Amino acid sequence: MAKTLLAFTSALFCLALGASVYAADVKTMSIITMNDTPQLLEVKDGLLKGLAAHGYTEGKNLKVDFKSAQGNFGTAQQIVRQFIGEKPDVIVTITTPTSQAAVAATKEIPIIFTTVTDPLKSKLVTRLKHPGGNASGISDLVPTERQLDIVKEIVPKLKRLGLVYDPSLDNARSTVESIKALAPKMGFTTVESPAMGLNNVPSAGQALVGRVDAIFVPNDTTVYGAFESLVKVAQDAKLPIFTAERRSVQRGAVATVGFDFVDMGKRTADMVDKVFKGTKPGDMDVQYMKDLPNSLALYVNKESAEKMGVKLSPALLKRAAQVF
Amino acid sequence: MIGVENLGVTFNKGTALENRALHGVNLTIAAGEFVTVIGSNGAGKSTLLNLLAGEIAPSTGRIFMNGTDVTSWPVHRRSAILARMFQDPRAGICEDMSIIENIAIAAARTAPRGFRFAITDDIRRAAVERLTMLGLGLEKRLHDRVALLSGGQRQAMALIMATLGTTKVLLLDEHTAALDPAAAELVMNLTREVVQKFGITTVMVTHSMRQALDFGSRTIMLHQGQIILDIAGAERASLTVEQLVRMFRRKEGSDISDDQLLLA
Amino acid sequence: MSLYAFTGALETGLAFALVALGAYLTFRVLDFPDLTVEGSFPLGAAVAAKLMVSGVDAWTATIVAGLTGCLAGFATAFLNLKLRILHILAGILTAIALYSVNLRIMDRPNIGLINMTTVYTPFEKLGVPSLYAPMVLLLIVVIVAKIAVDLFLGTGFGLAMRAAGANPRMAQANGIQVGRMIVVGLAIANGLTALSGALFAQMLGAADVSMGIGVIVVALAAVIGGTALMPSRLIPLLTLSCVLGSILYRIALALALSSDAIGLTASDVNVVTAVLVAVALWVPVRKSSLLRRAGGAK
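First to last, the protein sequences are chains P, F and Y.
Reminder that position 32 of the first sequence reads as 31 in numbering that gives the first Met the number 0, one-by-one numbering, no gaps.
Reminder that position 51 of the second sequence reads as 50 in numbering that gives the first Met the number 0, one-by-one numbering, no gaps.
Reminder that position 294 of the third sequence reads as 293 in numbering that gives the first Met the number 0, one-by-one numbering, no gaps.
Same shape as in the complex, but just chain P (with noise of 0.2 Å):
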């Protein structure tokens, strides 16, 4: 009796013990955005259910402290500072000026950058394989051949495309500069129109009417956040436009080989469980989104293209992982 009640309690004893270090085992992560627009809440919440998907939950094994600078770089520069005095697990940094201004800070704490499009010329690397250092992440560069393909598919008559941008977004700025280096071998010419700010979204649309035969949008915040005057815009005006990622998709644009900001929510999570688990950033390659399996689909939008003029063939509807 007494041997059984010696073993019951010493086995409650390992469990509590058990128990209390598993709860001491709480990783923090502290995340850091630029600006909180839709798209990249995105990617915060597929962080945050990538991690679920690991098995760190929040308020459990995982403490997470969500903080946007509202597009202010001395506000960006002192969250920066104060995730480094409360020492997390993981800095992970949403955007390129967030990910630059910590990089910058430290070189002890661990940090997962993503949404940045060119990790190498921002500096926030020295180099894509093994980097070295604390810091290694996600790169959001948009596979840009693959997208005009579509483009090109759906609008086969194609000899000028527009292009619709914040030319203040480095990630913005990169896609187009890539669009005009291939458009004369895909065979058209290209003819921007910048937008300043939301605001300028519809008359930046408005400006290629009738002189565009297709719209672009590269992965802009800014123009993402006024997406829908665009895409009325783009109706009234028989327009189609294609865009770099699927919510933009689902939101009114026609097509695009593009990846889902949830995903890459996700796949940055991958990382950032590497680095709990005790991987040094440094020792991890940069990732390309769009190299990375299965990230890239064809996502289009029946309803939308057909008030934009433009029909979708059937064998296209088909190989569309997603038909909206």
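Hint data in this document are derived by calculation from the structure and do not stem from the laboratory.
A few of these clues could be false.
Quick partial rundown of chain P residues pointing at chain Y, CB under 7 Å, derived from the structure [as the list claims (entries may be wrong)]: (1) Asn71; (2) Phe72; (3) Gln76; (4) Gln77; (5) Arg80; (6) Gln81; (7) Val102; (8) Ala103; (9) Glu107; (10) Lys122; (11) Lys128; (12) His129; (13) Gly131; (14) Ser167; (15) Gly224.
Just the calculated beta-carbon pair ranges, DEER-fashion [to be verified]: (16) P/Lys179 with F/Pro73: 53 to 63 Å; (17) F/Asp121 with Y/Val52: 50 to 60 Å; (18) P/Leu181 with Y/Leu239: 56 to 66 Å; (19) P/Gly209 with Y/Asp106: 26 to 36 Å; (20) Y/Val52 with P/Val25: 39 to 49 Å; (21) P/Glu302 with Y/Trp58: 40 to 50 Å; (22) Y/Ile87 with F/Asn25: 38 to 48 Å.
To spell it out: a stretch of chain Y is covered by chain F in this simulated footprint if at least three of its residues, at any positions, have a beta carbon under 8 Å from a beta carbon of chain F; those stretches are [to be verified]: (23) 152 to 164; (24) 172 to 181.
Since the structure is predicted, the reported quantities are computational estimates derived from the model, not experimental observations.
Note that the Cβ used here is the ideal one computed from N, Cα and C, for glycine as well.
With chain P's structure known, arrange chains F and Y on it following the hints.
Just chains F and Y now, kept in the frame of chain P:
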């Protein structure tokens, strides 16, 4: 000291609002003379002062000061030899700055200091010396903000500021009109004393015929942009206000309907 | 609030203190609400960054960046004085134009400066931990700038500038060319702002064309907050209050960010600073006398 040749100015020329504020004015004022200027509203008194100061440019004619043709000189250029006082006690001083700072600004009018320190012992001494003349105790309050002073005190200070340095000409634009009678009398007496002491050529515009005759050595009357009366010396010394009015009527051939002129 | 957050607030506060000094000169001394800083701050960052990635040493790059800020000041002065554009609009126009200019200078919206030799590197080499290195230099720069502004405002030229802002007509009548004062004042203020931008970019690790957003609001918050906490008529104390105001603003922001209990987010702070800007623009209007209407034609 001041010479005006065929001076004229027309506002809004060629439009329905065309106004020949001054025309064909010729005037010579000797150094040290104190001239008073009177006239009804719209006669051109302020316009004359504005022209002399350089705030507006003439349409015709020329202006000479101290032998130089200053017609094309803007306000800040003339300020080396010319100073002006306004009716509004807030216009001649910077009320948010201290007394000594204001004096320093005025001193720099005729002796610019550039990048040297603005308030030096020399300036402080000159300020005390001049302010003591006023008998208002301002020399003991050098660091007080001018906003704390009364209207009369401000005009007295502005008078000192206007007569500093190498100032040769003083233009007074009804500078006591906004003060109560006691302050007005104080400032007028100070004016007479200061300009006499420093030999400053003075042109004073006033609405009061009384003041025009009591102060200065010469009186000019403007009407509809021209000088219609110019008296000095013995003729002027024995003149009364009523006589002056009668002279005006005779010259002009019309009634003065301006109560202000008669009542003062 | 952690030590890191505190030193971060101190540093950022010092970096922006130069902009606050500039805002003091324009908004308070000259009575010229100058919004050019939204463009001249990133201009300084852009010029410095471009020069640095082109091989120019950080010190030369930073000084040149400061001088280009003076050019921005000249532009606004030109718009206001020669083209008779309202002061507030003149500043806005220059800032808008500078947006495109900055993009041109950098050739792209963002230039990274991480792991480059900056003006802070020598201090790091001296053994100061890299997290504190910027503070040492910034402290020196801000102190020098503040003393320079104090001395300047005490000279004949500085006094003339104060008069030009306090009572332009009286100033003019005392031989002061108000236009010239505006030109010089704007040049100095925007030079300080561009210098601030260059120093901040090297601290942040990048120059970005959007860096100017919200800068004027922060500067005014510093000037208003500072002078409210430390009312004085003495110029050295006024400039000190602007510098302290800039630091205090950042500390307040750090406090708000670090205590979730208060519930303040970064966006709430925007409202507070907006209110402070309104006060900044209202105070001189209230004080303004009827002088502007004095002395009409009779």
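Status of each hint after checking the structure:
With a least beta-carbon distance of about 5 Å to chain Y, the hint placing P/Asn71 at the interface is held under the 7 Å criterion. For the restraint placing P/Phe72 at the interface with chain Y, the shortest Cβ-Cβ distance is roughly 5 Å, inside the 7 Å limit, so the hint holds. Using the Cβ-Cβ criterion of 7 Å, the hint placing P/Gln76 at the interface with chain Y is satisfied: the shortest such distance is roughly 5 Å. Given hint, P/Gln77 at the interface with chain Y, holds; its Cβ is 5 Å from that chain's nearest Cβ, closer than 7 Å.
Because the smallest distance between the Cβ of P/Arg80 and any Cβ of chain Y comes to about 3 Å, under 7 Å, the interface hint for this residue holds. Of the supplied interface hints, the one on P/Gln81 holds, with its beta-carbon coming within about 4 Å of a beta-carbon of chain Y, less than 7 Å. Taken as an interface hint, P/Val102 checks out: its beta carbon lies about 5 Å from the nearest beta carbon of chain Y, inside 7 Å. With 7 Å as the threshold, the beta carbon of P/Ala103 comes within range of chain Y, its nearest partner Cβ sitting at about 3 Å, so the hint holds.
The beta carbon of P/Glu107 is not positioned within 7 Å of any beta carbon in chain Y (closest approach about 10 Å), and the interface hint is therefore violated. At about 3 Å, the closest approach between the beta carbon of P/Lys122 and any beta carbon in chain Y falls short of 7 Å, and the interface hint on this residue holds. Nearest Cβ of chain Y to the Cβ of P/Lys128: about 18 Å, over the 7 Å cut. The hint is violated. For P/His129, the shortest C-beta to C-beta distance to chain Y is roughly 17 Å, which exceeds 7 Å, and the interface hint is violated.
Look at P/Gly131: its Cβ only gets to about 11 Å from chain Y, farther than 7 Å, so that hint breaks. Interface restraint check for P/Ser167: the shortest CB-CB distance to chain Y comes to about 5 Å, inside 7 Å, so the restraint holds. The beta carbon of P/Gly224 comes no nearer than 14 Å to any beta carbon in chain Y, farther than 7 Å, and the hint placing it at the interface is violated. As the Cβ distance of P/Lys179 to F/Pro73 is approximately 54 Å, the hint placing it in 53 to 63 Å holds.
One distance hint, 50 to 60 Å for the beta-carbon pair F/Asp121 and Y/Val52, holds here, with the actual separation near 54 Å. Between P/Leu181 and Y/Leu239 the CB atoms are about 57 Å apart, so this pair conforms to the stated range of 56 to 66 Å. For the pair P/Gly209 and Y/Asp106, the beta carbons lie near 31 Å from each other, so the given range of 26 to 36 Å is met. Between Y/Val52 and P/Val25 the C-beta distance comes to about 42 Å, which sits within the given range of 39 to 49 Å.
Evaluation of the 40 to 50 Å hint for P/Glu302 and Y/Trp58 yields a failure: the beta carbon distance comes to about 60 Å. At about 46 Å, the CB distance of Y/Ile87 to F/Asn25 agrees with the hint of 38 to 48 Å. For the stretch 152 to 164 of chain Y, the stated coverage by chain F is satisfied: 9 residues place a CB nearer than 8 Å to a CB of that chain, which reaches the threshold of 3. Taking a C-beta to C-beta cut-off of 8 Å, the stretch 172 to 181 of chain Y contributes 5 residues in contact with chain F, enough for the three needed, and the coverage statement holds.
Hints 9, 11, 12, 13, 15, 21 from the earlier list are contradicted by this structure; the remaining hints agree with it.
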